[in-house]
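Starting from the two chains in their separate frames, assemble the complex, guided by the hints.
Here is what each chain is made of, one letter per residue.
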Amino acid sequence: MILTERQRDAISELINIAFARTGAALSELTGHRVILNAPEVSVHPTAELPEALAKFIPGEIASIHQVFGGPVAGDALLLLNHDGAVHLTDLLTDGNAPPSSRLDESAREVLTEVGNILLNACLGMFGNLLDVRVSFSVPRLHMETLDELLASLISDGSEPQYALVIYTAFQIRDSSVRGFLVMVLSVASLDRLMHEVEAWEGRQGQS
Amino acid sequence: MTKTSPDEEPLLNVALLRWMNDLAGQGILITDAELTIRAWNRWLEERSGLAASAVLGRNLLEVYSELESRRLDRQYKWVLEGQTRVLSQRLHGHLLPLPTDPNLSGFSEMQQTARISPLIAEDGRVIGTLTVIDDVTERVTREAELQAQVDARTQALAREKAAREEAEEANRLKDEFLATVSHELRTPLTAILGWSNMLLAGNLEGAAHDRALDIIHRNAQSQNQLISDLLDVSRIISGKLRLDLRTVELPAVIEAAVEATRPAAEAKGVRLTTALDPRSGPINGDADRLQQVVWNLLTNAIKFTPEGGEINVRLGSVGTRVEITVRDSGIGIPSEFLPHIFDRFRQADPGTNRVHGGMGLGLSIVRQLVELHGGTVRAESEGKGKGSTFTVSLPFVNFGKGAERAGRLPFDAGGNEEINCPPSLQGLRVLAVDDEADTREMIRAVLEHCKMEVVTAGSVPEALEAIAQSHPDVLISDLGMPGEDGFALIAQVRALPAERGGRIPAAALTAYVRAEDRVKVLRSGFQLHVPKPLEPNELVAVVANLAGRLNH
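Chains A and B, in that order, give the protein sequences. Reminder that position 16 of the first sequence reads as 16 in my numbering, one-by-one numbering, no gaps. Reminder that position 56 of the second sequence reads as 56 in my numbering, one-by-one numbering, no gaps.
Bound-form chain B, shown alone (with noise of 0.2 Å):
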């Protein structure tokens, strides 16, 4: 401070002092060399709530005994060597354990920034110590706010940068794909155009004669089947393929599989074996397809084992579903590409140096039917030259659900449409709960041709009754009802006890079929989500899926 005239310094000093007390906006703590208060102004009496009067006098580290336990009292001892020392908000947090308002920042307590200085005497002793405290709260919010939008809009940009290079890969996987196409579809040509020359130009004679027409005829059915599976994954993408339910027996379909490519097996030198439970099945499928799908799996395991190798197809159940397993002992899949095996376009080696041929549409495919009969399929593999396993895992009795249907009839009771019956329903009680009397009507026609005993309510509180009294094993139930609701029930069935019906499998029919609506009716107690209109053959699938949950 400059030099000031005898007569102003006692004014300029008390009206300094009035300032630091009354108008600082920071809180002023000045001490002596014991670390006895004797300045405590007017914003830390606001913020601590304890006035001057109460302080003056008393030690710091009395009134404020935590400071000692978290080592600031190390920080006015140096002070008092000398030392002006800085603490900044980050490190530690505050000084003075000050309040603040948790609603507006977020901390419990006051975020500080506080500097403390030796007072020096004429003669350089240290006389007392000066703090000054700063709330930066508010400062280290925005600060906070700030650095968490940088924050979320570089992980934006991150999320931007990945789905473009994933769109790149895609590309880029669609290019290899159709040069493979075109070179796969080539390479028969060549030969049926190569031989069929010759055989015009009448240069082959006798045997020779044959194997050209051998050729020929072998390379029209490659091209022929692999025009066939483009045009299968052309129909799956885009939602066309159509699926023939019916009662399928595994075993001859399996069977059949193994036939039509024992013969290749037997020309590479490849064991076909195979181990099939009658009692697999039967279950709701497209024969067809799910011989196809056998079909590729095997193409597959005998394009990929080499001479002497052993190829082993297996048929079980495993609780409710049936598994069609088929094991290789061929060249086996490498850890890193195990992930991929079922995606279109993917091969283990694109290069033009491929060794096996074909476009990797096959398992794809199989991936492809396996979902739309609502099953599994998974590959395993322990790496190369050690075989690999695929397993298919199909349900009892399906949903065929994303197949379209022969066509969405209005349902007749009279029976336009096949329904088909699973033999494991038979005698199954069924509670249906509707307001609709013509709804009720139709389930009941549907279930009881498939000889199910079927008990209908249409209200909430008949519901109750019904489950009182005829103990029902399966529930379903419309969701929009006047008076009590869908929910309703379901809440009232869940709180009661297991013997008493609580824990009944239930389905909720409904026409709200947004993403939002299913989730509030799973989180709701039902099991199943079920929207309106309904088919008897979804109907009959659906009380087949709650009875399969009766067992666990």
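Isolated chain A, as found in the complex (with noise of 0.2 Å):
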């Protein structure tokens, strides 16, 4: 299933919005100018996960994943490699600590609450604007291979699943560091939330 130019317009402007937010929620709680960059949008079938993923280096990748339910329902990650994750913790607390090398108990945690800022932000904008109810998880974070990664998100495998992936990067005190949000959704959630964003989108045209 392909994002017409026009849905992944429209996305792209609701993730946007939702950016915003979360760079502002973000600036606003470490003292530090943080922006998400205009995000890439692209949807795949979760088969092809791997190859949409390769822009990250093998290794370790840190997510932070809630479960979303509601008339759209699906799983929604921030996706980060581990030196991507370090860096990012790193330029967001202390800025005269020196830098680590390691993510430790406490790094976890703020990588949590920024996913949790994150995916908060992009899935209430769902629900808010898009008249949708969703209700979210508590997050979680692991830090596993993407291999190991990819088989948690398969589910019972009865309906095949799209996952829509957005790649965007947060720019803080002069340094960039990358990131996926990836949201996997069956079908019929996909195919409700589209509708949903074409309509949202013939909303703004009206007014």
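Keep in mind that the hints were calculated from the coordinates and are not lab data. All values derive from a computational prediction rather than experimental measurement. Treat each hint with caution, since some may be false.
Unchecked claim - Think about it this way: if two alpha-carbon atoms lie no more than 25 Å apart in a straight line, the pair counts; the simulated SDA-like pairs of lysine to any residue are:
1. B/K451 to B/D244
2. B/K174 to B/F304
3. B/K77 to A/D131
4. B/K77 to A/P99
5. B/K240 to B/P531
6. B/K77 to A/E28
7. B/K268 to B/D210
8. B/K77 to A/H44
9. B/K240 to B/K532
10. B/K77 to A/R21
11. B/K520 to B/V542
12. B/K384 to B/D244
13. B/K532 to B/E380
14. B/K77 to A/G69
15. B/K161 to B/H340
16. B/K77 to A/R140
17. B/K240 to B/V542
18. B/K161 to A/S100
19. B/K451 to B/E462
20. B/K268 to B/A256
21. B/K161 to A/P99
22. B/K161 to A/R102
23. B/K77 to A/S100
24. B/K77 to A/S135
25. B/K77 to B/D135
26. B/K386 to B/G316
27. B/K77 to A/N16
28. B/K77 to A/T30
29. B/K77 to A/S101
30. B/K77 to A/S27
31. B/K77 to A/P71
32. B/K77 to A/R102
33. B/K384 to B/T299
34. B/K161 to A/S101
35. B/K77 to A/I35
36. B/K268 to B/R242
37. B/K384 to B/K451
Stated by the list, open to error - If you want the footprint, here are the derived chain A segments under chain B, 3+ residues with CB under 8 Å:
38. 102 to 113
39. 167 to 176
The beta-carbon is built from N, C-alpha and C at its ideal position, and this holds for glycine as well.
And the structure:
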């Protein structure tokens, strides 16, 4: 299932708004100016995810995972590679500390919170603007390889699943940390989502 | 939660609630949709000092008003919209302000991680909030300690690496130096061998014959100088250089060096001028070595000043120091080389195409000799082509530290050793404090020999009385005395007002010579720390140093 140009633009715009809110929230929280770059949006069958995420170097991936439910349901994840995760936590926290090389418990908590803020902003965006009620689970952080991650996402396999993949970067203090926002949905959910997005876009045109 | 039978459910719910209240190792706080507190577990009671009865039914934002000022009320707003919020310790510090033991952690408040979730009814409405708070103070403290260890290790590794690189660089410089030494020693030999061969073969006549002898002689002298420099450097390094300390008239010394180098200057077409203030000095020093210093500076200046340039030597006084300045209009010193200019083995152009010859030892010898006289030397230059200025600064009376003396004689008041008495010390009144009569008499004999007035005291009370009655100019005191010691004395002296002698310059005599003793002495109020045993000239030098501080 391929997104039309129009659908892609509409989703991008929605995500942009969510990203702007995330950036603002992180800026206020950390005292550093945080900007999330304009997203590159694409949709892939989950089987093609490895290819879509190939931009990540092999190694461990930090993923902050929230399950969402309602008329549109699925898994939402923020993915960062290990170095990016370390770098991001350094940038967001004490500026005077020397750069760390590992993710300790406190750093993982920060990542979880960052993921939480971002995922809530995006899912909340869908919920509010699309007039769709979304419920969220508690966010969880996992460190695992890409294969392990993908294996955990594939559900019982009864329905084909699609992933909305949004590639972006956090810009903080002259540094850039790349990441992926991934939403794994059933066909029905994706269908419903696109339907609501187009309806929203239609409403924008009329105002 | 899985479905239970209708009979079990109330029991399980009660059991769960009791656990959450009594046994949970976390803070559990439940509010309704208006943020009115509906549950406040024991963990929170114990740590906040607020009993549940004191907070139930009250609004959370009213009980903890700082939540609003810290804008954490918005977190609860989002939760009421259905979100679950995570508050990390590192970004927030804490959710609720609860105390912790600062002695154990370094934090004044409990460090917390918190999670706030919506409580959702069957119909999907959000009917309340559940907050779970974890105390992570200990974990965070441990993480900080671990990180500090990692940092320390990283720094140590970096330091080791730097030290290793420095050692490698030093070795490289030594290798370079040895290569240069070989070359420099060989070069004159080549000329000497070549020309003497031709003389022996009888191939030269008349003017050529004379020229050959001249060349051989010059090269032999040059090599002689080289070897002499090398030996000096070697002696200085091993601490075996002997200074012959006498009263030195600097103008004469400088003139001698100037005259020795004038032929070389003239040969190169460089003008050599002097401006010597005859009132500067005399100083206590080794005349030959001082002449060597000036000679080296002049030779260096001539080497680096092109034809038509000018070199000026100035002698003057600045405060209690004498300054000899050699200024040239030559090629100058690049700023990146300036800090290394007095280093041994260094030259600005060590490559094989060296234009200027020589080995770069002269300036390091200059520095060593000047420092042995208790002085300093510095170089200044505005850069390439802008000339250089070398300034030697010497105290009026030197200490001669570090040089091997003519021999440490046991003190003999009969004068087995020539005592140098600076005329400026005549009439100076000195108070010498020591519990041993022999030592007092020794000090008296030496200083009176130099026409100073000496008052002695054998104890701290006597010393204080002497200060009150005789108003001495300087104080010399033993440290180790029975009863009240030197430290007690100086403390009481420094407590006096200035007009009663509180600021009198003072030196401590002591057999304790460790660095920490020295620091202790200087910190307690003495200006100088002088180790025993003391030689007559050293004693005079110490008094002179103290006297020099009178004018400040």
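Hinted pair, alpha-carbon criterion (25 Å max): B/K386, B/G316. Please report holds or violated.
With Cα atoms ~23 Å apart, B/K386 and B/G316 stay inside 25 Å; holds.
With the threshold set at 25 Å, check whether the alpha-carbon distance from B/K77 to A/R21 stays at or below it.
holds, 16 Å
Take the C-alpha atoms of B/K77 and A/T30, compute the straight-line distance between them, and say whether it is at most 25 Å.
holds, 20 Å
Has the given pair, B/K174 with B/F304, been kept, meaning a C-alpha gap of at most 25 Å?
Distance of about 24 Å is within 25 Å: holds.
Does the alpha-carbon distance linking B/K161 and A/S100 stay inside the 25 Å limit?
holds, 20 Å
Quick one, are B/K384 and B/K451 close enough, alpha carbons at most 25 Å?
violated, 53 Å
If you look at each residue in the segment 167 to 176 of chain A, do at least three have a Cβ nearer than 8 Å to any Cβ of chain B?
violated (count 0)
Does the structure keep B/K77 and A/D131 at a Cα separation of 25 Å or less?
holds, 19 Å
What's the verdict on B/K268 and B/D210, does the C-alpha distance respect the 25 Å limit or exceed it?
holds, 22 Å
Check whether the Cα positions of B/K77 and A/I35 lie no farther apart than 25 Å.
Holds, at roughly 24 Å.
So if I understand the rule, the pair passes when the alpha-carbon distance is 25 Å or less; does B/K268 with B/A256 pass?
Roughly 19 Å separates the two Cα atoms, so the pair holds.
Would you check the hint for B/K77 and A/S101, treating anything up to 25 Å between C-alpha atoms as holding?
It is violated: about 36 Å lies between the C-alpha atoms, which goes past 25 Å.
Hints 4, 8, 12, 13, 23, 29, 32, 36, 37 and 39, counting from the list given before, are not met by this structure.
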